[in-house]
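Engineer: First to last, the protein sequences are chains U and F.
Counted from 1, the first sequence has number 223 at position 223 by this note's numbering; the numbering is strictly sequential.
Count along the second sequence from 1, then add 230; that gives the number in this note's numbering.
It cannot be assumed that every hint is accurate.
What the hints assert, rightly or not - With a cut-off of at most 25 Å between alpha-carbon atoms, the simulated BS3-like pairs for lysine-lysine come out as follows:
{"#": "1", "chain 1": "F", "residue 1": "K351", "chain 2": "F", "residue 2": "K403"}
{"#": "2", "chain 1": "U", "residue 1": "K75", "chain 2": "F", "residue 2": "K321"}
{"#": "3", "chain 1": "F", "residue 1": "K351", "chain 2": "F", "residue 2": "K404"}
{"#": "4", "chain 1": "U", "residue 1": "K204", "chain 2": "U", "residue 2": "K75"}
{"#": "5", "chain 1": "U", "residue 1": "K171", "chain 2": "U", "residue 2": "K212"}
{"#": "6", "chain 1": "U", "residue 1": "K75", "chain 2": "F", "residue 2": "K248"}
{"#": "7", "chain 1": "F", "residue 1": "K321", "chain 2": "F", "residue 2": "K361"}
{"#": "8", "chain 1": "F", "residue 1": "K351", "chain 2": "F", "residue 2": "K361"}
{"#": "9", "chain 1": "U", "residue 1": "K7", "chain 2": "F", "residue 2": "K351"}
Simulated from the structure, these hints should not be mistaken for lab results.
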Amino acid sequence: MNTMSEKASDREEIEYLLPWHAAGTLSRRDAERVERALANDQDLARRFDLVREELSETIHLNESLGAPSARAMEKLFAAIDAEGAYKRKPGLALDLRTRVAEFFSAFAPRTLAFASAAAALVILLQAGVIGSMVLKGDGGYNTASITPAKVDSVDFLVTFAPQASADQVSKFLRDRHATIVDGPKGPATAMMYRLRFEANGAPKDETDRVAKELQQNRSVISAEYPTTSN
Amino acid sequence: MSANQATSDEVLIGRIAKGDRLAMQVLFARHHVRVYRFVLRLVGNPTVAEDLISEVFLDVWRQADRFEGRSAVSTWMLAIARFKALSALRKKPDEELDEETAETIEDTADTPEVALEKKDKSAILRQCLEKLSPEHKEIIDLVYYHEKSVEEVAEIVGIPENTVKTRMFYARKKLAELLQAAGVERGWP
Chain U
1 MNTMSEKASD REEIEYLLPW HAAGTLSRRD AERVERALAN DQDLARRFDL
51 VREELSETIH LNESLGAPSA RAMEKLFAAI DAEGAYKRKP GLALDLRTRV
101 AEFFSAFAPR TLAFASAAAA LVILLQAGVI GSMVLKGDGG YNTASITPAK
151 VDSVDFLVTF APQASADQVS KFLRDRHATI VDGPKGPATA MMYRLRFEAN
201 GAPKDETDRV AKELQQNRSV ISAEYPTTSN
Chain F
231 MSANQATSDE VLIGRIAKGD RLAMQVLFAR HHVRVYRFVL RLVGNPTVAE
281 DLISEVFLDV WRQADRFEGR SAVSTWMLAI ARFKALSALR KKPDEELDEE
331 TAETIEDTAD TPEVALEKKD KSAILRQCLE KLSPEHKEII DLVYYHEKSV
381 EEVAEIVGIP ENTVKTRMFY ARKKLAELLQ AAGVERGWP
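Could you build the full structure based on these sequences and the hints that come with them?
Structural biologist: See below:
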């Protein structure tokens with residue numbers, strides 16, 4: 001009798017674990033335990049199929065929820081700026097090259113870290129030269145109070161992909177008639193650049209078009225946020 | 231989430247604790263969509279959800295120096311997000327919430343699209359997932375979408391691990407009941 005109730009209790013425990021087994025978040029020991037039970041219990045295996053169905057549709061549902069607008073980021077960094085950009089100045093003891101290398105080494109394989117840092121430095125210098133030659137904005141995350149029907153340019157704040165070479169970045173900008181109009185933004189936003197793209201249409205359409213373009217070039221641009229032209 | 235990303239998140243938090251704004255941008259870029267979706271499923275209003283994720287990440291900025299690394303950064307952020315979402319829900323009058331919830335449930339009774347959709351089991355399953363209580367939605371999302379372990383869900387929701395398992399079981403059972411009411415017989419429970 002005891003053995004029977006122990007078996008029932010064990011089966012119940014296994015059934016409770018099925019959702020985590022489907023999601024792949026069980027420990028190896030528990031996963032093996034569930035696998036053994038599934039192999040010997042057809043009814044449990046059928047229930048596991050239902051769990052997998054639920055998992056799939058939950059992912060589908062969440063993925064269809066979309067993403068927040070740039071407003072969330074603007075609001076966050078406005079609040080951070082309001083508190084003072086730095087609690088403690090980071091990297092005062094480190095020179096720029098060291099900080100660039102440290103930043104990229106977190107994202108690229110070790111073997112690429114030095115190459116990435118070198119490429120980033122070239123981009124940094126290029127941006128500095130170009131940035132000094134064009135009109136610089138105040139760099140804030142401004143929101144336009146009046147939306148024009150048509151715009152001739154759209155701006156994006158971007159970070160370049162760690163593995164992007166200076167040649168790749170230059171070609172990317174040239175091919176899209178884009179210019180770096182600001183950045184890097186000093187220590188507080190060291191590696192953010194403001195890019196300006198030619199446009200000829202409604203602001204939203206043009207912003208969406210450029211955003212899509214940027215997202216399709218992850219080998220060069222790792223993240224982007226639309227911002228207001230100055 | 232991979233072990234590498236978990237480690238990398240911890241490195242970012244260390245930098246944020248020192249006031250590194252760029253590290254904050256990277257962390258935001260990496261996690262804001264998932265945090266947003268988690269909050270949106272709880273509050274049901276995209277504008278409120280956007281405001282809340284700004285607050286969540288602002289808390290991360292402010293409290294990074296107190297992060298002890300006992301849990302994954304994403305788990306810590308979801309716990310903050312949950313607290314913010316529930317606080318926002320408590321602040322709202324019930325009538326307003328009911329209206330908003332009602333707005334999110336489409337009245338699809340007679341359109342041809344719905345007739346077709348009703349034949350689609352997957353679509354019905356998704357509709358039933360939307361109809362679960364916030365408590366059940368939350369646990370299903372954490373387990374299936376946010377890939378949180380039993381221990382991590384316990385930490386985020388603030389309940390014992392055994393309760394996590396039974397709550398998930400009952401959430402699934404409720405889902406099966408909703409499916410049955412919608413005409414989908416799954417043979418369980």
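Engineer: Now look at each hint and say whether the structure bears it out.
Structural biologist: Structure-based check of all given hints:
1. F:K351 x F:K403: It holds: about 17 Å lies between the C-alpha atoms, which stays within 25 Å.
2. U:K75 x F:K321: holds, 21 Å
3. F:K351 x F:K404: OK: K351 (chain F) and K404 (chain F) at ~17 Å, within 25 Å.
4. U:K204 x U:K75: Holds - the C-alpha atoms of K75 (chain U) and K204 (chain U) are around 20 Å apart, at most 25 Å.
5. U:K171 x U:K212: holds, 18 Å
6. U:K75 x F:K248: Answer holds: K75 (chain U) to K248 (chain F) is near 21 Å, not above 25 Å.
7. F:K321 x F:K361: With Cα atoms ~22 Å apart, K321 (chain F) and K361 (chain F) stay inside 25 Å; holds.
8. F:K351 x F:K361: holds, 15 Å
9. U:K7 x F:K351: Judged against 25 Å, a Cα distance of about 34 Å means the pair is violated.
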